[in-house]
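Chemist: Chains as they are written, first to last, in this note's numbering: chain A, 1 to 208; chain B, 1 to 208; chain C, 1 to 208; chain D, 1 to 208.
Rather than coming from a laboratory, the hints here were simulated on the basis of the structure.
These figures come from a predicted structure and were not determined experimentally.
Among the hints, a few may not be true.
What the hints assert, rightly or not - Which residues of chain A face chain B? A few of them, derived with a C-beta cut under 7 Å, are:
no., residue
1, Arg109
2, Gln147
3, Ala203
4, Phe206
Unchecked claim - Covered by chain B, per the in silico footprint, the following chain C stretches (three or more residues, Cβ under 8 Å):
no., segment
5, 117 to 123
6, 133 to 143
7, 192 to 204
Idealized CB from N, CA, C, for every residue including glycine.
There are 4 protein chains.
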Amino acid sequence: MIGATSLAEGRRLIAEASRDLAGAGFAPATSGNFSMRVGPTRAAITASGLDKATLSETEVIEIDLRGRATSGEGRPSAETTLHTQLYRRSPEVGAVLHTHSRVQTVASRVLPTEGRIVLAGYELLKALTGITTHDTSLVVPVFPNTQELEVLARQVEAWLDAGHVTYGYLIDGHGMYTWARDMPEARRHLEALDFLLACELSARGFAP
Amino acid sequence: MIGATSLAEGRRLIAEASRDLAGAGFAPATSGNFSMRVGPTRAAITASGLDKATLSETEVIEIDLRGRATSGEGRPSAETTLHTQLYRRSPEVGAVLHTHSRVQTVASRVLPTEGRIVLAGYELLKALTGITTHDTSLVVPVFPNTQELEVLARQVEAWLDAGHVTYGYLIDGHGMYTWARDMPEARRHLEALDFLLACELSARGFAP
Amino acid sequence: MIGATSLAEGRRLIAEASRDLAGAGFAPATSGNFSMRVGPTRAAITASGLDKATLSETEVIEIDLRGRATSGEGRPSAETTLHTQLYRRSPEVGAVLHTHSRVQTVASRVLPTEGRIVLAGYELLKALTGITTHDTSLVVPVFPNTQELEVLARQVEAWLDAGHVTYGYLIDGHGMYTWARDMPEARRHLEALDFLLACELSARGFAP
Amino acid sequence: MIGATSLAEGRRLIAEASRDLAGAGFAPATSGNFSMRVGPTRAAITASGLDKATLSETEVIEIDLRGRATSGEGRPSAETTLHTQLYRRSPEVGAVLHTHSRVQTVASRVLPTEGRIVLAGYELLKALTGITTHDTSLVVPVFPNTQELEVLARQVEAWLDAGHVTYGYLIDGHGMYTWARDMPEARRHLEALDFLLACELSARGFAP
């Protein structure tokens with residue numbers, strides 16, 4: 001299985017990513033959650049409501065792919081269902097990052113046309129696995145925010161079912177989900193998408 | 001009593017918050033002051049005029065709820081009255097943070113309509129204790145600045161007496177007061193409100 | 001004499017300020033220079049052309065108040081004359097900071113009206129020694145840039161002779177000079193003026 | 001030979017520059033590459049596809065001036081040809097930095113007129129070796145991006161053959177190449193050019 005790692009290694013990589021990403025402004029005010037696949041039917045995910053800048057390995061819990069805790073202390077966030085949806089969909093998904101940077105929040109509100117942001121012509125698109133030229137367009141969907149996560153999950157499912165090449169999606173006024181085969185790739189995808197959204201904001205006269 | 005801590009623990013948490021928040025741009029040029037409740041009729045607060053980025057525990061003084069120093073070296077800031085007002089009003093107030101970030105200063109000058117800024121539709125509103133959905137509006141009042149702190153205190157009192165749900169207020173061209181039951185919650189409220197004000201600035205074409 | 005310190009202590013404080021200020025973006029690409037008075041007719045100043053982020057005490061040289069090196073290795077910058085001018089003018093000047101932040105550079109180009117920027121109504125004006133209310137206006141003069149430093153010095157002299165309350169001045173497309181009685185006060189003045197210029201930029205739709 | 005250093009020293013300086021520059025946002029999502037001349041017909045360059053923020057000396061490989069690896073593990077980036085072009089052209093080129101800051105990316109898209117950005121009247125132009133007054137204009141060319149690097153190399157060659165004073169060039173939607181006699185000078189040129197592009201963005205109402 002691509003991307004599956006041991007629970008211990010998953011906890012280590014998730015806690016490290018949590019601290020690094022919170023330090024870089026991706027998880028303000030205890031927001032955000034980060035996960036990895038740790039087996040065919042298991043994932044590890046940050047527990048709900050904690051300060052992500054100081055997260056330790058013991059604050060990462062094991063869950064099944066319906067989002068129920070199977071070991072570890074603390075409870076999974078309600079948003080866990082948006083992580084497990086991706087793990088269930090494809091064995092190639094090994095890591096999922098949900099972040100709330102200011103760039104993502106503002107971009108989701110001011111950049112979309114008909115629920116989509118188009119990123120085109122940037123060299124940094126090549127940081128996304130499978131993109132080999134800047135001379136392309138990537139569509140990032142922006143879904144309406146809702147507290148009914150199953151509604152959101154169905155919209156994501158429909159988008160993915162339609163066969164779009166997708167590295168991440170935004171939720172309006174909320175943040176972004178990004179994923180990849182493993183944690184380094186997911187962090188690279190997150191860094192690249194956030195950079196490209198910031199460039200789009202800046203080029204249109206908004207401050208990232 | 002919710003939020004009351006020992007004087008020693010209060011000094012430790014205040015000095016730590018002072019250094020962290022100053023390092024993050026919340027207390028430029030020795031501005032800002034930070035306090036905690038340390039008993040039914042006592043609080044601890046940073047002494048006036050010091051560099052908040054290097055503050056030590058011995059630079060936190062004990063005061064009564066009229067703002068008079070009861071132990072410790074240094075003198076309380078004139079703004080202490082805006083802290084003690086909140087502690088006197090409610091035993092549930094355990095920590096008060098007064099900050100001067102650039103975001104707060106600029107937001108107070110360019111965003112208000114009739115002395116109010118409305119924050120609506122942001123997922124990060126849920127970082128404020130008691131808010132459970134993004135689909136809400138939070139009003140942040142912006143009071144005119146004055147060197148007569150009793151005038152300011154009466155305006156705050158009137159606003160709170162009117163029963164508004166309030167996590168903090170801005171003073172025009174000056175900064176913000178935020179409070180909560182304890183220090184971690186107050187820091188989360190501060191971080192969330194500053195983030196949301198920054199998003200509003202950015203979405204309206206101002207640089208945070 | 002107010003503000004005079006020993007040469008050894010001056011070197012220590014200047015090197016420390018240099019590293020801190022360069023780390024905060026005040027001295028990009030080896031620009032900037034920092035000095036202190038170390039006696040009635042002596043000052044200490046950073047040597048020319050060095051990386052300010054890694055400056056050591058041995059890279060601070062002693063000069064007389066005509067700008068000639070009296071001890072230490074390296075040569076004083078051509079801009080030394082703008083430091084010594086201030087020390088000669090008043091025994092109350094104990095430290096001078098010349099910085100090149102992006103805020104100062106952009107503010108000098110887009111904010112002035114007839115060579116002046118007015119900062120008014122900000123609480124942080126009170127970080128400047130002698131200002132006790134936000135309800136005031138501070139004029140920051142912006143002089144045209146020139147490589148003939150004596151021309152610039154005469155303009156500064158004329159401005160100060162006219163009796164303006166002045167904590168610093170800008171040079172167009174170049175940077176700022178700030179001064180005070182000692183190093184902590186000079187650093188506070190610099191931090192406050194830079195913050196206020198950044199707020200002005202932001203409030204007028206420019207990114208600091 | 002000006003600027004030539006030993007392979008060991010080149011590896012050390014390149015790895016140090018890589019970590020520092022990535023930490024400062026010049027190499028997001030594994031982008032960027034950095035090189036030094038280590039002999040008349042040899043250079044050292046960062047291997048392709050690595051996280052530049054954690055680069056070690058063993059991840060710097062030796063190449064000849066056609067871009068073929070001669071020692072070290074990993075492979076050179078396709079963009080190596082834009083480095084070796086500069087080393088072949090002049091023995092005075094001792095270091096080349098290719099970076100992707102947000103400032104460079106946005107500036108390349110919104111600032112050019114007919115493929116050129118003019119930087120004029122800034123004091124910090126004097127951080128570029130050979131410029132002795134702010135009262136000058138520096139033209140930074142912006143070439144169209146292409147995945148055919150030989151096409152890009154020919155455009156660079158033609159620009160340099162035309163005798164322009166050039167410290168670096170931008171590629172549209174991509175980033176910048178800067179060079180100098182040695183690593184400290186190249187880093188100073190990079191820092192100065194990025195600062196000046198940021199000032200231009202800011203002065204025209206774009207957020208850097």
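Chemist: Confirm or reject each hint.
Modeler: The hints, checked one at a time:
Here the hint on Arg109/A is kept, as its CB sits about 6 Å from the closest CB of chain B, short of 7 Å. For Gln147/A, the shortest C-beta to C-beta distance to chain B is roughly 5 Å, which falls under 7 Å, so the interface hint holds. Hint status for Ala203/A: violated, given a least beta-carbon distance of 13 Å to chain B, over 7 Å. The interface hint given for Phe206/A is met, as the beta carbon of that residue sits about 6 Å from the closest beta carbon of chain B, less than 7 Å.
Interface restraint, the segment 117 to 123 of chain C with chain B: holds (3 residues with C-beta to C-beta distance below 8 Å; minimum three). Only residues whose C-beta sits within less than 8 Å of a C-beta in chain B count toward coverage, and the segment 133 to 143 of chain C has 3 of them, enough to reach three; the restraint holds. Figure legend: the segment 192 to 204 of chain C, annotated as covered by chain B; annotation consistent (7 residues with Cβ-Cβ distances under 8 Å, at least 3 required).
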